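Here the structure of chain D is known, so what remains is to put chain V in place on it, guided by the hints.
There are 2 protein chains.
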Amino acid sequence: MGSHSESELAFLSIRQAAGLLRRREISPVELVDAALARIERWSPKLHVFLTVLTKQARTQAQRAEREIRRGNIKGPLYGIPISLKDNFWTQAIRTTAGSKILADFVPPSDSDVAQSLSQAGAILLGKTNMHEFAYGITGENPHYGSSRNPWAPDRISGGSSGGSAVAVATGMGFASVGTDTGGSIRIPAALCGIVGLKPTFGLVSVEGVVPLSRSFDHVGPLARNVTDACILLEAIAGKYPRGETRPRDRALRKKQKFRLGWPRDFFFERVDGEIESAIKVAAKKFEELGAGIEPVSMPQLADSVDRATHLVVAEASYYHQSQGYYPSRSQDYGDDVRGHLEWGHKVSAVDYLAAIESRQKVEQAFAAALKKVDAILTPTSPIPAPRIGESQVRTLGERETTVRAELLRMTRPANLTGLPAISVPCGLTSEGLPIGLQLIGERWGEARLLAMALAYEEATPWHRRHPQLG
Amino acid sequence: MGSHSESELAFLSIRQAAGLLRRREISPVELVDAALARIERWSPKLHVFLTVLTKQARTQAQRAEREIRRGNIKGPLYGIPISLKDNFWTQAIRTTAGSKILADFVPPSDSDVAQSLSQAGAILLGKTNMHEFAYGITGENPHYGSSRNPWAPDRISGGSSGGSAVAVATGMGFASVGTDTGGSIRIPAALCGIVGLKPTFGLVSVEGVVPLSRSFDHVGPLARNVTDACILLEAIAGKYPRGETRPRDRALRKKQKFRLGWPRDFFFERVDGEIESAIKVAAKKFEELGAGIEPVSMPQLADSVDRATHLVVAEASYYHQSQGYYPSRSQDYGDDVRGHLEWGHKVSAVDYLAAIESRQKVEQAFAAALKKVDAILTPTSPIPAPRIGESQVRTLGERETTVRAELLRMTRPANLTGLPAISVPCGLTSEGLPIGLQLIGERWGEARLLAMALAYEEATPWHRRHPQLG
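For the record, the sequence lines run as chains D and V.
Residue numbering for the first sequence follows the working numbering, beginning at 27 and increasing consecutively.
Residue numbering for the second sequence follows the working numbering, beginning at 27 and increasing consecutively.
Excised from the complex, chain D in its bound form:
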């Protein structure tokens, strides 16, 4: 032991680390110490963690070390330090959901996910920063500071799982678990150059997660590579319907033939030129790997997606009202979240019912496309990480739109449909900002989706690039 540098330890894959732990070439204490050192050094600058569990993590690491010495190693996550977004209930550990309203909230019990990770032997380093109540896609936070992009600290990390993405990208733990209601795992993953997976709706329990919009809330992993994401998913996933294949880390490499859909509409409208090029290069790479690329048509998708958004905002406003947070504690919200909640209160029930119909149209459009192909290939974000504080973009066409609307545009459809979607690093812009591609797959099709993502990842260098921290 002791022959690995902090940075080597911090950027191992989970599989590599598990192997070294098993062979007792490293100890969980070293892994935890390396992660904690990086958290101590950079988290205050990048606003990554809201709570760091220094003492608890070290104690757990020592216990894991003893168990490993006795030969008790219980799976690939055993002794692996990870983090959790701060909207997962953790028993006796403050859970703020990035809000002032829950600043002092200490849950009486663990969320299902916290419990699963603990049972898998993962070591919790702390709770990560996030967009307030997960109600925003930039990761900017007026109460705890905005999580900063490690590739360019004047830029946003993306959100709402911003702290989780930054932590994973910078070696503050091997992986994190976040939530995704409109893109909140995939967007920060793309902007920070890591892998983010939003599984099929209902696959991972949301029990003990502070809700945003229950019909659209998903839980999933952020990791530095596809295999690690798969290992995390194995630990937190619930039951699959009979006949569906569970994703298994070891099974992903099985050679398969894929057909990928290239959407002619919606997903390539108003996309940054460098990002569009990167996705086209990625499509070529998929072809070299033997995948067929077929154009798919999804007309009127933009309109249906826009209308269906009424469902999300109304559910959020209902939750905050039912908890007695809004409007009674209006002044305790950030301006953006307060604005969203006000909007949600203005949605009429008739519009809500119309939105249900629009959502069905979105579902039908994807169902039709996914009859012909195994997954749809899109950019994860149509723009690279904007600067912190920037709220409007005009670069993509004549009309000026909001950063929020642009960032959500590619990811929201998979929340409306509940289809699994993954973001995988696929390049860097000329300014050195990460680019992510998104694959949207079939319901319960995580195994196939991860296999496609892995085939791409193994043929490309992007997941091995890490940001240089000052």
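Think of the hints as simulated: they come from the structure by calculation, not from any bench.
Predicted model, so just to flag it, every value in this text is computed and none were measured.
Hints may be right or wrong, so weigh each one.
As a list, the in silico EDC-like pairs of lysine to aspartate or glutamate whose alpha-carbon atoms are at most 20 Å apart [as the list claims (entries may be wrong)]:
1. K283(D) / E320(D)
2. K126(V) / E368(V)
3. K306(D) / E295(D)
4. K372(D) / E300(V)
5. K372(V) / E368(D)
6. K387(V) / D332(V)
Okay, now just chain V, sitting in the frame of chain D:
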């Protein structure tokens, strides 16, 4: 043939009529002629039918007569004249839904129910009057005249299936099929002294029914006795889940032990004295028949039911907007329906979501009560038929309430829960107005519910009382 008077023919039970037809002691032509004679005589006064299919019904009756002569009789409804509420699509036959907006609408195809009845060999006499768009509980109609109570023509029939109830009560056909979104089968059945069954939500197809609120719309029979209601249900019901008992006319008489719940809360608040007495006498009768009567508690039910009503009005407003009827044809609605639609447009999505939670509370209250008993016994209406034009009642307590609110109070819970509920005649007030009792049973429990109702009916005289028409 020819030995039965018109009135004898008109008030036969379906079983008796089917027996006479089979033995060729009567002909379908006689049955149809008797019904048509009554329609011709009294429908214009009582506003019962919107469309009478004189010629078509006679032609069908003649064809049925020929088939019967050849020995082709295809079940208990074969050759039996019935009617349909005018919100069921009937191919090439005008279907107004009691509205001015659809005054000239001729459907391109049959509703599922119209098709099922036709396949069963029933003969359609015509389409019955109803509250406009089924959006009202009195049967008053500004476009086609208000259907009148045959027991007291200055009083309402109840609605929205008012024409159906009056037709059945007065021998204008053996039975009718109506719809019930808040009580629209059971209320007119109770006020007109007949049997009305609202089956479990989803049991009978609503395909081809002009919707009121799709989550709460139910289709069911109105008949002069429980057995006839069962025969109608057999003809129109879809599939039961595996393991559940389908109601069969012949099986209802099987001796069973019942436990009835007597709700201490909600259902006996503010009930007319004579009606309360009649239900208590009915409870005694059930006890004599061997049923156990147990008090059940349903606290806070009134509040939850009130809140959940937001769902119904919002869905109705959404439908009328999505069809382009409202607001563009506002002036073509009656004042009451226009008022309801305006109200529905004012419901916010947040209130709609709160209403979903209230509905779940109603469901939980009934699920808890129905663990202890087989059915809950209540009045069908807390008041006897009000006068036409009366909109307020003050008789039941200090506060004045609307006729609409009072009439819906007992029946709406079974729409919110989807539980099957039946109204059975159980007395007459001192003014000679019918009183109905309601039994609310378990989901898919029609067989047991009908058996309880039949046991009561066979031990009491009320279903044999018919109104005297001038």
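Query raised in the report: Is the hinted pair K372(V) and E368(D) satisfied, with a Cα-Cα distance of at most 20 Å?
Result: Roughly 16 Å separates the two Cα atoms, so the pair holds.
Query raised in the report: Holds or violated: K372(D) with E300(V), Cα cutoff 20 Å?
Result: Distance ~47 Å between K372(D) and E300(V) Cα, so the pair is violated.
Query raised in the report: Between K283(D) and E320(D), is the straight-line Cα distance small enough, at 20 Å or below?
Result: Judged against 20 Å, a Cα distance of about 14 Å means the pair holds.
Report task. Given the hint that K306(D) pairs with E295(D), test it: the Cα-Cα distance must not exceed 20 Å. Result -> The hint holds at about 14 Å.
**Report entry** Distance restraint between K387(V) and D332(V), which requires alpha-carbon spacing of 20 Å or less
**Finding:** Holds, at roughly 12 Å.
Query raised in the report: Within 20 Å, alpha carbon to alpha carbon, are K126(V) and E368(V)?
Result: This hinted pair holds, its Cα atoms lying about 18 Å apart.
Violated hint for the displayed structure: number 4, the only one.
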